[in-house]
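Generate the whole structure from the sequences, applying the supplied hints.
There are 4 protein chains.
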Amino acid sequence: MLKVGIVGGTGYTGVELLRLLANHTQAEIVAITSRSEEGIQIVDMYPNLRGYYDNLAFSAPDMKILGKCDVVFFATPHGVAHSMAGELLASGTKIIDLSADFRLKDAEEWSKWYGQPHGAKELLAEAVYGLPEVNREKIKTARLIAVPGCYPTATQLGFLPLLEANITNPLHLIADCKSGVSGAGRNAKIGSLFCEATENIMAYSVKGHRHLPEIKQGLEMIAQQPVGLTFVPHLVPMIRGIQATLYATVKNHFTDLQELYQQRYADEPFVDVLPAGTHPQTRSVKGTNVCRIAIHRPQHGDLVVVLSVIDNLVKGASGQAIQNMNILFGLDETMGLTNIALMP
Amino acid sequence: MLKVGIVGGTGYTGVELLRLLANHTQAEIVAITSRSEEGIQIVDMYPNLRGYYDNLAFSAPDMKILGKCDVVFFATPHGVAHSMAGELLASGTKIIDLSADFRLKDAEEWSKWYGQPHGAKELLAEAVYGLPEVNREKIKTARLIAVPGCYPTATQLGFLPLLEANITNPLHLIADCKSGVSGAGRNAKIGSLFCEATENIMAYSVKGHRHLPEIKQGLEMIAQQPVGLTFVPHLVPMIRGIQATLYATVKNHFTDLQELYQQRYADEPFVDVLPAGTHPQTRSVKGTNVCRIAIHRPQHGDLVVVLSVIDNLVKGASGQAIQNMNILFGLDETMGLTNIALMP
Amino acid sequence: MLKVGIVGGTGYTGVELLRLLANHTQAEIVAITSRSEEGIQIVDMYPNLRGYYDNLAFSAPDMKILGKCDVVFFATPHGVAHSMAGELLASGTKIIDLSADFRLKDAEEWSKWYGQPHGAKELLAEAVYGLPEVNREKIKTARLIAVPGCYPTATQLGFLPLLEANITNPLHLIADCKSGVSGAGRNAKIGSLFCEATENIMAYSVKGHRHLPEIKQGLEMIAQQPVGLTFVPHLVPMIRGIQATLYATVKNHFTDLQELYQQRYADEPFVDVLPAGTHPQTRSVKGTNVCRIAIHRPQHGDLVVVLSVIDNLVKGASGQAIQNMNILFGLDETMGLTNIALMP
Amino acid sequence: MLKVGIVGGTGYTGVELLRLLANHTQAEIVAITSRSEEGIQIVDMYPNLRGYYDNLAFSAPDMKILGKCDVVFFATPHGVAHSMAGELLASGTKIIDLSADFRLKDAEEWSKWYGQPHGAKELLAEAVYGLPEVNREKIKTARLIAVPGCYPTATQLGFLPLLEANITNPLHLIADCKSGVSGAGRNAKIGSLFCEATENIMAYSVKGHRHLPEIKQGLEMIAQQPVGLTFVPHLVPMIRGIQATLYATVKNHFTDLQELYQQRYADEPFVDVLPAGTHPQTRSVKGTNVCRIAIHRPQHGDLVVVLSVIDNLVKGASGQAIQNMNILFGLDETMGLTNIALMP
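Protein chains in written order, with the working numbering: chain A, 1 to 344; chain B, 1 to 344; chain C, 1 to 344; chain D, 1 to 344.
Honestly, I wouldn't trust all of these hints.
You can't tell identical chains apart in this list, so a pair holds if it fits in one copy or across any two.
[Said to hold, decoys possible] With a straight-line Cα cutoff of 20 Å, these simulated DMTMM-like cross-link-like pairs (lysine to aspartate or glutamate) come out: (1) 207 to 256; (2) 216 to 302; (3) 189 to 37; (4) 112 to 62; (5) 189 to 332; (6) 207 to 259; (7) 251 to 220; (8) 3 to 62; (9) 138 to 220; (10) 138 to 332; (11) 251 to 108.
Keep in mind the hints are simulated off the structure, nothing from the lab.
See below:
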């Protein structure tokens, strides 16, 4: 039984870890920390968990307790994992970081986008980018895993087969992405209020979103060449879900794209290539770790349209984190991740 | 492994049975019928089930196949179970009917509310009303179980301890109930359209709703005396959930109602009495078989306000049906019913 | 042309005043104050108003400017109008207060519910409760008008004809009310986040809501006798709208309630009694100053069910405030209030 | 006072015409037709219109009455205007057609996309495409106006200045569009049910949507050269609104795009170019005839991103129809179209 710690458990990715781990048969939560909510019972904040964590309360972070865990998840704002990672690793605890702290390989780039110095440059080299469909082997032996962001997961899985097969022009990629409001986190912001977010759609951060350099870095690793990407995120009035609508120009008109995608993802437990001509719905993956993808070439032109959907809090965060944990500790990769989306 | 058949699988209670049974370790679906969708793959209609029922298609109802099942669920409009129940029972198959066909004990009353003659009066006497918190013992030996409706489940569980303890005036009960739109089923009706139902709340059927006689019958069984009930249902812009706000006048001011409810439901796996002073949220039970209840006596007056919430498609339909199946076949009552509500 | 000032213009009732006054032909806004947003252009915060207030910015409250207005609206949290009302009235400016500051006649009661001393007791006697359907004559000559709250408006208009006709038992009234999320204001609170409020319904403040004493006081004025009221508010996932479902026991079974309500409201421009047997929808009054009411007596029993709907931000706040202004200054009572609800 | 007829008044564009014309001072509705709802009072179907059309009922289409109108709006499915237009025009009545019947200039192309022969080819030449920002002069003298579709309006207004200025490559345009559910009309379809459409986003018709040829034709008229367009529509869980996110490659890097757009639309009453760096919200135009546009060039690259939002039922249908009527009859172009979007 793995001993699990969670640092920063009051946000949406924190409670999602709790939900998913409640039915995981090989993991046990020994501590969940929150300075602001210290002493509060989990089930008082999250009544959906009544009956599952009736004796667990938020506690102040305590390195003595966390250092005895097999693995600690960081479900924190950026900067927190920087300050605690070194000591935790030294105590032999593995780290799975859901924040952005170790996603970018270039500390300067990180500083530019996050507006503060990188706090743990010495760990950047060994941090593994936790996208199992790309880095499964590296994940198995990692000490420190950076779980990909939500937009980056949906976008990279959508473009991946095209770039690996080198049949597209990588300099003119477009990712028009739509996210549910939970992507903004459980923060009391005017823009995330029900009355501000419902009955509305809007683009935001068009001049530059923090996930842009992460996606670009990931795609360049896959393509093994420079990538040009325009990334436009939108806010959609729903709780969960990301739809990435991806545009790329095909160089080779003779490739069977449907076949290409199906073969690439044939052995992936959490990537589901839909039949040709169909359109994935975000609700079909709500609460699950699945990424559903469909490929189109409208009017048989040279533009490919890839539709890729995930649940931003699961495959885009906490579910993928647990998938990484399963891989890291040699468990069945799907353990704890087999629940089915509600429809309706 | 129980052999399970589902008659009428294309509605919301049908797909909910599929979702819940997919992770049930002791039940296997051998047939799911739909005349209109015969031959259609389950996963083509419900992509959330991809990977779980990849080889199952809707078929026309065939008594030879259904008659070999251990149990058949009816997830049909009213009238269908009437016509098939007798033959199925004769073949030794148990029936768990999610429709209204066998809920009312009085065939005349049924006719009045459903606008057609009762089609299987001879089975009414033996049909067991499948509310486990009241009829668990009878369910164990039943051949034919009528699963309670959604409003009736939330309302009866809310009033039950008051009526059993005989500390309220049963002639002036009020149930002000609010339901999500899925209660109207997966039917193409103007009133259920997104654009008609969202950003709105309305009462409906105030002069008389079909669940009124069912609730009244149930409450009278519990109270062992006549009951007067005013029942006002409302339509709320959300997919799932029923909130029953119940009003009753207390006769005995000295009873500790919190204690009364906690004791009554102490051994019930799916009724959760919340701490005093709190308010249940429907989202805390979304997708689960739990009924959450809180009890209030505002300004210490003689009026009790009971707040009772369920997921109308689970504890109010398919989940309760499976709970009945588990009881009926001697399985752990919670089998297949342990998933946790998404929050958010 | 009336010179209008608005104190506290950044909340939902403030922007609603701006929207409604933009098309009012006899009123001109000369100042709108906000300490926190001083200098911000109105249209930068509320782009829906682009083209209507292109030269208006939020300013710090300045008694010299406000004191030259014909009328000042307070769209502020409680306590603010207390501190400014005396000086404004002294300068000859009329006050229409949308906050709770002058709604309760009893300063002690006010203190109990609002948790602070009443700041302008000397003005309580002359403050007029601005429910035109009850106090139209007093409004015409008022200096200080307390605009009723949202729940109180829907509830009082619903019970009014019953109480005036003295055909109900006033000691056992129940108001089961449902409100959209905008009732919580434009405040960055976790509970008002999209992800917390959508796909959910819940009761709140069952042990006592601040609108309870206001409703009780209003009903007692109407009934001219003591009133017993149980008031249970609920939060519904929609932006605007209140549905009050009201329960009262009828003493006289021979009264034609439909006729009673139609006659009582025959000359009211903003109360619309629906045909017998129908159910009002909140969306039918969205954005308008109309209250729609339907009356039911289910199963011909002694319990009357009144359904009353308003838009909480219009008839429940800013629209009613302008209706008061129109009455106060001898304008057509409907001026600026003739827009029609969007459907869908 | 213009005498106005509406053919097909039971859909969302029909009721929207009613709402907007209710406050139009120069137009009077003399007939609104619906075969299926003949005899039904308008206000019984649309209670938001109570007090405005209390004596108007749906009637069967009668050419004697319609032929005496100054103008008839068709708010019908495609094919209906084909069959009635000739006779109406012969009687001297002007036609403003909200359906797709006269939008495409090529009857063959129309047949291909709409799956039936074109029913009035002889009128195609004179039909004027009613996009005032392009065809205002032609509209003034038209007899038959084809009101643009919703996606085509948002998309053409967004691309227009770029194409007129010839500073983009017109062969690689992308329109990633998001629409509220009212775009699907008031039809009882499973896919438009609340429970199917809420908490979800999905692309649809990627292989080819009926608005594609219309947009292409319009853009080619503007560009005066062939255009290549990829158009991907998405369904968003909101009632109203279209967000078109448009991608085009700039040829000339020195043009000030912000200035270009502002100048082009300086005199347009219903196109509002937002300040540089901002993002339009669909809710800011809800219920209004305004198109709001913002222009971005992310990371100063060669890709322009134009964000264009409208209300699909107003500027995308009924409001634009009335704008056409105003132009056609020499009225103030904004008459009846000055209401303001609700926020929130």
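Outcome of the hint check:
In the homo-oligomer, the alpha carbons of residue 207 and residue 256 lie at most 20 Å apart only across protomers (16 Å), although the nearest pairing inside one protomer, at 35 Å, exceeds that limit. For a Cα distance limit of 20 Å, the shortest separation of residue 216 from residue 302 across copies, 17 Å, qualifies, whereas the shortest one inside one copy, 22 Å, does not. Taking the shortest alpha-carbon separations for residue 189 and residue 37, both the intra-copy value of 19 Å and the inter-copy value of 16 Å come in at or below 20 Å. When the C-alpha separation of residue 112 and residue 62 is checked against a cutoff of 20 Å, the pair qualifies neither within a copy, at 31 Å, nor between copies, at 43 Å.
In this homomeric assembly, residue 189 and residue 332 never come within 20 Å of each other (Cα to Cα): the closest approach is 39 Å inside a single copy and 40 Å across copies. Proximity of residue 207 and residue 259 under a CA criterion of 20 Å is satisfied inter-copy only: 18 Å between copies versus 36 Å inside one chain copy. When the C-alpha separation of residue 251 and residue 220 is checked against a cutoff of 20 Å, the pair qualifies only within one copy, where the shortest distance is 18 Å, while the shortest distance between copies is 26 Å. In the homo-oligomer, the alpha carbons of residue 3 and residue 62 lie at most 20 Å apart inside one protomer (15 Å), although the nearest pairing across protomers, at 51 Å, exceeds that limit.
Within a single copy, residue 138 and residue 220 get their C-alpha atoms as close as 18 Å, which meets the 20 Å cut-off; across copies the closest is 52 Å, which misses it. Proximity of residue 138 to residue 332 under the C-alpha cut-off of 20 Å is restricted to the intra-copy arrangement: shortest distance 17 Å within a copy versus 42 Å between copies. Proximity of residue 251 to residue 108 under the C-alpha cut-off of 20 Å is found in neither arrangement, the shortest distances being 34 Å within a copy and 32 Å between copies.
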